[in-house]
Amino acid sequence: MTSLQAIVAASVLLGAGLWLLLPRGGSTGRGLGALLAAIALGLFAYVVVRIDPEHKIGDAVFLLLAATTIVSAIGAVTLRSPVYCAIWFALTLLGTAGLFLYQGAQFLGVATVVVYAGAILVTFLFVLMLAQPKGLTAYDRVSWEGMLSAATGAVLVGLLSAIVFAPPPVEGAPSGSLAGAAAGRVSAADRDAEILSPQHMAHLGGQLFSRHLIAVEVAGTLLLVALVGAVAIVAQGKAAAGAAALQEGRQHG
Amino acid sequence: MDEVQLLERFLMVGALLFGIGLVGFLSRRNMIVMFLAAEMMLQGISVSLVGWGRFHNDWGGQILVIFILAVAACEAAIALALVLMLFHRSGKLDVAVWQSIRESNQPKFVDQQLPEEPAAVEHWPVLPQSGVEPELPVEEMIHRSHV
Amino acid sequence: MFNAETLMVLIPALPLAATLFVGLFGFVLLKQRSHIPVIAALVASFVFSLFLLREVTRETAREEGYASVGVEKLVRLWTWADIEDAYRQGEDGEGVERPFDIDVTLRADPLTAIMLSMVTFISTLVAIYAVGYMHGDPGYPRFFAYVSLFVFSMTMLVSVSNFVLLYVFWEAVGLCSYLLIGYWYEKPEAAAAGKKAFLVNRVGDFGFALGLFLIWTTYGTLNFHDVGADGALLSAAAEANDEVAIRGVLGQSRLHDPAKSYVGGGVGLAICLCLLAGACGKSAQFPLHVWLPDAMEGPTPVSALIHAATMVTAGVYMCTRCTPLFAASPEAQAAVAVVGGFTALLAGLIALTQNDLKRVMAYSTVSQLGYMFLAVGTGLLTGIGAGMFHLFTHAFFKALLFLASGSVMHAMGGNCDMLRFSGLRRIMPWTHGTFLAGALALCGVFPFAGFYSKDAILAAVHDRGHHDFVLLAGSSLEFSLYETLYYAGMFTAFLTAIYTFRAFFMTFYGDTRVPPEAGHHAHESPPSMIGPLVILAGFALLVGMAANYYGFVNFLHHTPSLAFSGLPAGSHDEAAHAQVEGLSTILALSGIGIAAFLYLGERRQLEKLSLWMRAAKLYEVSFYKLSFNKFFIDPIYNALIVAPLRLLANASYWCDQKLVDGLVNFSGRMPRLFGAMLRPLQNGLLQFYALAMMLGLVVLIGTLLMWPAS
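The listed protein sequences correspond, in order, to chains X, G and B. For the first sequence, the positions run 1 to 253 when my numbering is used. For the second sequence, the positions run 1001 to 1147 when my numbering is used. For the third sequence, the positions run 2001 to 2710 when my numbering is used.
Since the hints were derived computationally from the structure, they do not count as laboratory data. Take the hints with a grain of salt, since some may be wrong.
Claimed, not checked - Lysine-lysine pairs mimicking DSBU-like chemistry, simulated, CA-CA at most 30 Å apart:
1. G:Lys1092 x X:Lys134
2. B:Lys2195 x B:Lys2625
3. B:Lys2031 x B:Lys2187
4. X:Lys238 x G:Lys1092
5. B:Lys2031 x B:Lys2195
6. B:Lys2187 x B:Lys2625
7. X:Lys238 x G:Lys1108
8. X:Lys134 x G:Lys1108
9. B:Lys2195 x B:Lys2658
With the hints as extra help, turn the sequences into a complete structure.
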């Protein structure tokens, strides 16, 4: 089976599996959906992963992290209760953080856990607690155009992976674009000196506060503005909602 | 390890995260879940960026992800504030409630009517009795508003 | 004080300035004081007109000594149009090139001077009268702005020296007439009457315009005056040997040799008939007379000023001004006379049975204008002079009659139906007296003004009747046209006396009855209205004697248009004149007698007469019915002209609405049709938009993958 065939098959299976997994009012076919999605993921893994006998443990760690990330992502998207979604998304974030660490991006791994899982996701949960009506609402039990959106997502994944793994032949370029594009351009020693250097944080901080200083300042300002904006929206929105509710009550009364 | 293969793996994971997040964003109707899905798409991008940064031995990828983090935090703050406000207006987190930007003579999107799902019978763990049973209102104890 | 040129400019300029001033500030500043600038301007114009008349008189006196062709003064303000080589074919068929230029030139000659004095005098009195009559009207400033605009237009009409400008101000007075008839535009009758006047005038003006085109192609210019080689104006006083570059239609160079200069035959007849059509429209002659009686919907001062004394005489003025053209075509002159005589008779017959006081006066005006046309149609100097003389005197006594009617109407609360009031002489003694003066003048009773002018006309027609113009010569029906018209005129004089005194007796004699609308208004009018009435009554009594007919004709003879050698002078046969005078006075007195017999006192005779008519079955078919219904001319016009036009208009409207608009609307609906197909895309659901965007992205990436950029 060529990469292209595998990618096509995997995309089709992923689309079908996601469609079956998405909430559709009942719970029939979810198992089948999970199975199809699992097969699709396996096919993608088959396309991507070439087990290197020297790095068995490293490959196994990667596979574990990737599987955790993707499976929990599927769960976060398809489960009906928003709380479960959020919790599965937390797992996705943890997986992603692991993948960052796997890449040697220590700061990002930690930052993802702290900022995303620790702060943003908790905010989500708070909002859910504030806003979620009791029980499963109708709109959580159905999805909008499930088949079409699952197909769109699957086709997009297929196209993106096809670009990487089965690139179209381009005249004057060696086949296997990525391999030809950069192999050997960066030596292992360079990488060890820069992005994988032991002083990772120092390097990253040096880059941030020298080359990207203005951007950092702008990002900080953005955070401040967002904070003020969020407070303003909630404060004014409550007043407006109160007025609207009053008016509605008048109309009905 | 072969750096090209490493990049390919991370691109694959990134693409999958992005695609799955996209499916979630397109199909889920709870605004908070939609927002989660959007964050997931950002994660997919982040994974790809870090992979490319490593491949090219460039800090740019990681720094961009740091900014993505910052922007995502802002986005979360504002979006959740808006979601809360919309919830206060309609009492629902349903995104299909807000469809007033449609063409004036278009019919309103009407939800399909689902049969009422019987509430799952919830079994909460009960401790075995020991000692003297205190006089407590049982209903209050087993009452859980919602999860 | 001023020289003649300045006076000629100032006379029209002052009313124009007053118009602008009142028009701009009337509603803001002046309000109920809006008459002040207008009356000031009109008085000044009148005084300047008198100065101008004196200047012209001096000139004529100086001219008596040597042979000449009239007195004229010209002043060129500017050149409106100056087109070189506009005319490529000469009169004699050779390749002559002529420029087309419109000189905005004012002229002063005896004809103009008389018209100017008359117009400004009457308009001054009418404006003073209107202060009382229009008091408290919400459109007070508008009224005075219109009146002074009218005076400007009318003074320009009589003083311009170019056919195009004559046409322009011809239309301008028509516009003022329209505006003032429809002055109370909230009233549907007034608005309709304004429209009718405007449209009927259009018919005549169309003919007038055609006449101008013919004059242009025939004579190669539209100027009255000659223009010298260096562009200078050549008036009568110019040296005879000056080289003339453009020979004006009524210029000295043509008048010196009228036999060769003026085109007769078919072209001449066509020109004259076209001009006559225009004159018929403006002066309400049959068949275009229908608008004038309806025009009485306007305020009474307007009726007096525009529809009795001044504007409606513009046609007579124009025919007089164009006398050389008419003299070249005797048939056209006969047509003018016939139209005039017939209209005079017809309007007199209609006026006999009308019950609306103002309408009687309106038909009387039509009838008197018919007299003037009859006089002008004789083609004799005495006749044309008599016509202008009648125009002059008629202006005074008809304005008087209208203003007196307005006074009655004012007192009767806007009501002028003579069946509803009577015996007003006890309530309104001044109005009664002045009305009587006007009525006597209109009937032509010695020594009132009408006696002189009307008898002069009849005498001139009689004189012309001796001269010939025999129709159907040789057959057994042979008759002299002018002889017939003379008898018609005599009969009309008789009718005039009857209807005038019928109206007089019905209004002022009998039991005192006042309609309920009058309320507390039923009293004599205020001094600002009585003053002009008294002045006009004085003039109606004296102007005929004061402006001695022969003196008047002598003076008028100095007008270039009337001074040329081709115009037969007519006889000054005093005996024949006296005979005519005697006959017409007898007829007038007998007419008054009949009116008194029928309408004075208990009106028993009238009842007897009507009972007799009923018994004899005359009532149903008779003349009475014809006359009462104005000879059914309006319904006939409706059926023959208005209804087919309306049908055509409806058909065109339908075509426009259904076919043309249908096509346009269809092409307009096309985008909406396409839009309707795309409309469901905008369903307002956020996720739908996101999905569409993503599908588009997928298509883009797929395309890149399938057909990579090489």
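Now the hints, each set against the structure:
Proximity of Lys1092 (chain G) to Lys134 (chain X) is assessed by CA-CA distance (about 11 Å); at most 30 Å being required, the pair is judged to hold. Proposed proximity of Lys2195 (chain B) and Lys2625 (chain B) is supported: the alpha carbons are some 27 Å apart, at most 30 Å. Under the criterion of a C-alpha separation no larger than 30 Å, the hint pairing Lys2031 (chain B) with Lys2187 (chain B) is consistent with the structure, at around 22 Å. Taking the CA atoms of Lys238 (chain X) and Lys1092 (chain G), the gap is near 15 Å; set against the 30 Å cutoff, the hint holds.
Distance check on the hinted pair: Lys2031 (chain B) and Lys2195 (chain B) sit about 28 Å apart at the alpha-carbon level, within 30 Å; holds. Proximity of Lys2187 (chain B) to Lys2625 (chain B) is assessed by CA-CA distance (about 29 Å); at most 30 Å being required, the pair is judged to hold. As the CA atoms of Lys238 (chain X) and Lys1108 (chain G) are separated by approximately 27 Å, the hinted pair is consistent with the 30 Å bound. For the hint linking Lys134 (chain X) to Lys1108 (chain G), the alpha-carbon distance of about 26 Å falls within 30 Å, and the restraint holds.
Of the pairs offered as hints, the one joining Lys2195 (chain B) and Lys2658 (chain B) holds, with about 28 Å between alpha carbons and a cut-off of 30 Å not exceeded.
Of the numbered hints listed earlier, not one is contradicted by the structure.
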